[in-house]
Amino acid sequence: MPQVPIARAAVVAEIVRQLGNWNIETHQNGRITSSQGRFDFNVGGARTLRAPDVTFTPRQTTRSLNALQNWTFQGQPFTPIFVVEVDFIQSESEFQAFDDRFRNEFFAPGTSVELDFCGQEILPGFELDVEMIEESISQQDSGSSSSDDDTRFPCPKCTETFTNNHRFTKHFRMEHALKPRKQRVNK
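According to full-length UniProt numbering, the sequence shown is numbered sequentially starting from 1.
Don't take every hint at face value.
What follows is a list of derived Cβ distance ranges for each label pair [what the hints assert, rightly or not]:
| # | residue 1 | residue 2 | range |
| --- | --- | --- | --- |
| 1 | 158 | 8 | 15 to 23 Å |
| 2 | 140 | 49 | 22 to 30 Å |
| 3 | 99 | 160 | 17 to 25 Å |
| 4 | 70 | 96 | 32 to 40 Å |
| 5 | 81 | 48 | 39 to 47 Å |
| 6 | 92 | 20 | 27 to 35 Å |
| 7 | 17 | 94 | 44 to 52 Å |
| 8 | 96 | 8 | 40 to 48 Å |
| 9 | 100 | 156 | 19 to 27 Å |
| 10 | 137 | 94 | 12 to 20 Å |
| 11 | 71 | 140 | 42 to 50 Å |
| 12 | 153 | 66 | 32 to 40 Å |
| 13 | 62 | 92 | 36 to 44 Å |
| 14 | 21 | 70 | 46 to 54 Å |
Within a straight-line C-alpha distance of at most 25 Å, the following computed SDA-like cross-link-like pairs (lysine to any residue) qualify [unchecked claim]:
| # | residue 1 | residue 2 |
| --- | --- | --- |
| 15 | 170 | 129 |
| 16 | 157 | 18 |
| 17 | 157 | 136 |
| 18 | 157 | 34 |
| 19 | 170 | 65 |
| 20 | 170 | 20 |
| 21 | 157 | 140 |
| 22 | 170 | 23 |
| 23 | 157 | 171 |
| 24 | 170 | 21 |
| 25 | 170 | 158 |
| 26 | 170 | 130 |
| 27 | 157 | 167 |
| 28 | 170 | 123 |
| 29 | 170 | 132 |
| 30 | 170 | 99 |
| 31 | 170 | 153 |
| 32 | 170 | 69 |
| 33 | 170 | 13 |
| 34 | 157 | 37 |
| 35 | 157 | 138 |
| 36 | 170 | 159 |
| 37 | 170 | 124 |
| 38 | 170 | 106 |
| 39 | 170 | 140 |
| 40 | 170 | 138 |
Calculated directly from the structure, the hints in this document are not laboratory data. Backbone N, C-alpha and C define an ideal beta-carbon position, used for all residues, glycine too.
Throw the hints in and build the complete structure from the sequences for me.
What follows is the structure, given as structure tokens:
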């Protein structure tokens, strides 16, 4: 397996984490893989093994796989419905080379590849938190452990107060978004 810089690995890990949380919270029960999971892509009539940085394959697809497809690269090829490739691009020519490689290695001719799309039909309710990705690779102190900043803000649903957006987000999701849904499901 090729070695990758730590920042790239951190970005991939953060995307996998966010996608995994969404998968659990929305009960999609699909399969999320990182670049250790290879797929047998059929591109232009040729079968090639590819390992995208992040993928999502829906439950319906994974449950229909036979043992050969699940544990080997034999059998009918299948592909994920969502693919992410992460790279450090510094110029337009590097972007063009990356884009060409992505289009030619992962998609059959004529497949539409969009950079700016609404994925609600593919990943309903999923929103990638880019701020969390930036935080995972930032060289700056996030200030979360600093006692110099005493600015506090309240949760609008309870009496808790926070100095950190990430802690507030986690609190709100666990105490106000997920807990009521779980209580409704258990009734």
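Results for each hint:
1. For residue 158 and residue 8, the hinted distance range of 15 to 23 Å is not satisfied, since their beta carbons lie about 39 Å from each other.
2. For residue 140 and residue 49, the Cβ-Cβ distance of about 39 Å falls outside the hinted range of 22 to 30 Å, so the restraint is violated.
3. Checking the proposed 17 to 25 Å range against residue 99 and residue 160 shows it is violated: the Cβ atoms sit about 45 Å from each other.
4. With their beta carbons about 36 Å apart, residue 70 and residue 96 fall inside the hinted range of 32 to 40 Å.
5. The beta-carbon spacing between residue 81 and residue 48, approximately 18 Å, falls outside the hinted interval of 39 to 47 Å.
6. Hint check: residue 92 to residue 20, Cβ distance near 33 Å, so the stated range 27 to 35 Å holds.
7. Checking the proposed 44 to 52 Å range against residue 17 and residue 94 shows it is violated: the Cβ atoms sit about 27 Å from each other.
8. Distance hint check for residue 96 and residue 8: the Cβ-Cβ separation is about 19 Å, which falls outside the suggested range of 40 to 48 Å.
9. Under the hint 19 to 27 Å, the C-beta atoms of residue 100 and residue 156, about 47 Å apart, miss the expected range.
10. A beta carbon spacing of about 18 Å between residue 137 and residue 94 agrees with the range 12 to 20 Å that was offered as a hint.
11. Take residue 71 and residue 140: their Cβ atoms lie about 44 Å apart, and the range 42 to 50 Å holds.
12. Judged by the Cβ atoms, the range 32 to 40 Å given for residue 153 and residue 66 is violated: they are separated by roughly 53 Å.
13. Look at residue 62 against residue 92: about 38 Å separates their beta carbons, and that is inside 36 to 44 Å.
14. For residue 21 paired with residue 70, a C-beta distance near 24 Å fails the hint of 46 to 54 Å.
15. A distance of roughly 13 Å separates the Cα atoms of residue 170 and residue 129; the hinted pair therefore holds under the 25 Å criterion.
16. A C-alpha spacing of about 24 Å is found between residue 157 and residue 18, which places the hinted pair at or below 25 Å, so the restraint holds.
17. Restraint check for residue 157 and residue 136: not satisfied, since their Cα atoms lie roughly 28 Å apart, outside the 25 Å limit.
18. At most 25 Å may separate the alpha-carbon atoms for a hinted pair to count; residue 157 and residue 34 exceed this at roughly 36 Å.
19. About 35 Å separates the Cα atoms of residue 170 and residue 65, which puts this hinted pair outside 25 Å; it is violated.
20. For the given pair, residue 170 sits about 15 Å from residue 20 by alpha-carbon distance, which is consistent with the 25 Å threshold.
21. Using a Cα cut-off of 25 Å, the hinted pair residue 157 and residue 140 is violated, with the two alpha carbons roughly 31 Å apart.
22. Proximity of residue 170 to residue 23 is assessed by CA-CA distance (about 16 Å); at most 25 Å being required, the pair is judged to hold.
23. In summary, the hint linking residue 157 to residue 171 is supported, as the alpha carbons are separated by about 11 Å, within the 25 Å threshold.
24. Pair hint residue 170 plus residue 21 holds up; C-alpha atoms about 11 Å apart against a cutoff of 25 Å.
25. Of the pairs offered as hints, the one joining residue 170 and residue 158 holds, with about 14 Å between alpha carbons and a cut-off of 25 Å not exceeded.
26. Our distance criterion of 25 Å between C-alpha atoms is met by residue 170 and residue 130, whose separation comes to about 16 Å.
27. The hinted pair formed by residue 157 and residue 167 meets the criterion: a straight-line CA distance of about 15 Å does not exceed 25 Å.
28. In summary, the hint linking residue 170 to residue 123 is supported, as the alpha carbons are separated by about 21 Å, within the 25 Å threshold.
29. Among the hinted pairs, residue 170 with residue 132 is consistent with the structure: their alpha-carbon atoms are about 12 Å apart, no more than 25 Å.
30. This hinted pair does not check out: residue 170 and residue 99 have alpha carbons roughly 35 Å apart, beyond 25 Å.
31. A C-alpha spacing of about 14 Å is found between residue 170 and residue 153, which places the hinted pair at or below 25 Å, so the restraint holds.
32. Between residue 170 and residue 69, the direct Cα distance comes to roughly 37 Å. Violation of the 25 Å bound is thereby established for this hinted pair.
33. Note on residue 170 and residue 13: the hinted pairing holds, with a Cα-Cα distance of about 18 Å set against a maximum of 25 Å.
34. Under the criterion of a C-alpha separation no larger than 25 Å, the hint pairing residue 157 with residue 37 is inconsistent with the structure, at around 41 Å.
35. For the suggested pair residue 157 and residue 138, the alpha carbons sit about 31 Å apart, so the restraint of at most 25 Å is broken.
36. Between the alpha carbons of residue 170 and residue 159 the distance comes to roughly 15 Å, so the proposed pair stays at or under 25 Å and holds.
37. Distance restraint check for residue 170 and residue 124: the Cα-Cα separation of roughly 20 Å lies within the 25 Å cut-off, and the hinted pair is therefore satisfied.
38. Among the hinted pairs, residue 170 with residue 106 is inconsistent with the structure: their alpha-carbon atoms are about 35 Å apart, more than 25 Å.
39. Restraint check for residue 170 and residue 140: satisfied, since their Cα atoms lie roughly 22 Å apart, inside the 25 Å limit.
40. Between residue 170 and residue 138 the alpha-carbon distance is near 20 Å, which keeps this suggested pair within the 25 Å criterion.
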